[in-house]
Amino acid sequence: MSERKDWELYEIFVRARGGLDHKHVGSVHAAGAEMALEHARDLYTRRLEGVSIWVVRSADIVASDPTDSDPFFEPARDKIYRHPTFYNIPDEVETL
Amino acid sequence: MIAEPRALAADKTALFEYVLRLADTSLVLAQRLGAWVGHAPAIEEDLGLANTALDLLGQARLLLAYAGEIEGAGRNEDVLAFLREEGEFRNIALAEQPNGDFADTIVRQFLIDAYQVELYDRLQGSVDTQLAAIAAKAVKETRYHLRYSRGWVVRLGDGTSESHARMQGAIDRLWKYTAELVTADELDSRLHAAGVAPDHEAVVTAWRTRAREAFSEATLDMPAGASYAWFGKQGRHTESLGQLLAEMQYLYRGHPGAAW
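In order, the protein sequence lines correspond to chains A and B.
Here our numbering is used: the first residue of the first sequence is 1, the next is one more, and so on.
Here our numbering is used: the first residue of the second sequence is 1001, the next is one more, and so on.
Calculated directly from the structure, the hints in this document are not laboratory data.
Some hints could be false.
Partial list, computed: chain A residues near chain B (C-beta under 10 Å) [unchecked claim]:
#1 R17
#2 V28
#3 H29
#4 E34
#5 A36
#6 R41
#7 D42
#8 L43
Taking beta-carbon pairs under 10 Å as the criterion, some of the chain B residues facing chain A (in silico) [claimed, not checked]:
#9 E1045
#10 L1047
#11 G1048
#12 L1049
#13 N1051
#14 T1052
#15 R1143
#16 Y1144
#17 Y1148
#18 W1152
#19 R1155
#20 G1159
#21 D1221
#22 M1222
#23 A1224
Backbone N, C-alpha and C define an ideal beta-carbon position, used for all residues, glycine too.
My request is simple: use the sequences and hints to build the entire structure.
Below, the structure written as structure tokens:
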């Protein structure tokens, strides 16, 4: 018999319908990934919100540090040439 | 509206009784589970149990409405749910057993879920098209209920020494109520012969296998036999049902015909 640890936090991602991305919708506590799936199903898909669920241990997510914002994101600020806004779009192209 | 041809059209009483067994088991269990709302060990479980309760209530409504049609005496689902006396209820007595601790609730739930999965799965092939349709809807919900309760059986059975002991205690306490679950009575056999109900023996064998496998995975002991003479499905209940009904029926009886 194995002693189990306390419940962990899981982040929940739900795909609303085929073809769309999984979107982060919130988090649940659970004693394992399978249980997290069930909790996610019970909490976040009660009103037909999804067709697929991903659960990820919150502890397994590596996030950027807010204090690193400057070195991480600031350098992109003055590089407007990276946006594809310097092209002339022919009038005939309607849905670009 | 009852479409013909339907087996047992001539034996409405038997069909009525049989449908009540299914309906009342779901109704009473839903009422029990509803009492967990606000009290479950975690908010996630609170919602999980409530979801299951609502599924069961939905099944009960369909079945009670159908029972009312069969009876043809003008009783609708509300009248059947709220104005019958204890002795007129046909749920298996396991469903009415008190919530106890979480282990009691989970064991009760697992034993009934495993039974309903096997029953509804086969009931989809009933010659009674209405019952077959209700079973087809119910079996999907019930498969999830079973996944949920079985998960907890294994988790708690093979958990800490405390959770293991509580689970084993719950099994040992509740096991006697499975006697009526594994025993086909005259009504079960008659409805099977008419093609309405599935082969009871097949349901029981599959149910037993599910229980054995889950308990084994959970390092829990499955008691050998169960003999208990009080069959809820024949209207002989434990004292718990009266208390449950008093609470469930109080509003309707206090305010007949009340609507939201």
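These are the hints, each one checked on the structure:
no. : hint  : verdict
1   : R17   : violated (19 Å)
2   : V28   : holds (5 Å)
3   : H29   : holds (6 Å)
4   : E34   : holds (6 Å)
5   : A36   : holds (9 Å)
6   : R41   : holds (8 Å)
7   : D42   : holds (4 Å)
8   : L43   : holds (6 Å)
9   : E1045 : holds (8 Å)
10  : L1047 : holds (5 Å)
11  : G1048 : holds (4 Å)
12  : L1049 : holds (9 Å)
13  : N1051 : holds (5 Å)
14  : T1052 : holds (9 Å)
15  : R1143 : violated (12 Å)
16  : Y1144 : holds (8 Å)
17  : Y1148 : holds (6 Å)
18  : W1152 : holds (9 Å)
19  : R1155 : holds (6 Å)
20  : G1159 : holds (6 Å)
21  : D1221 : violated (14 Å)
22  : M1222 : violated (17 Å)
23  : A1224 : violated (23 Å)
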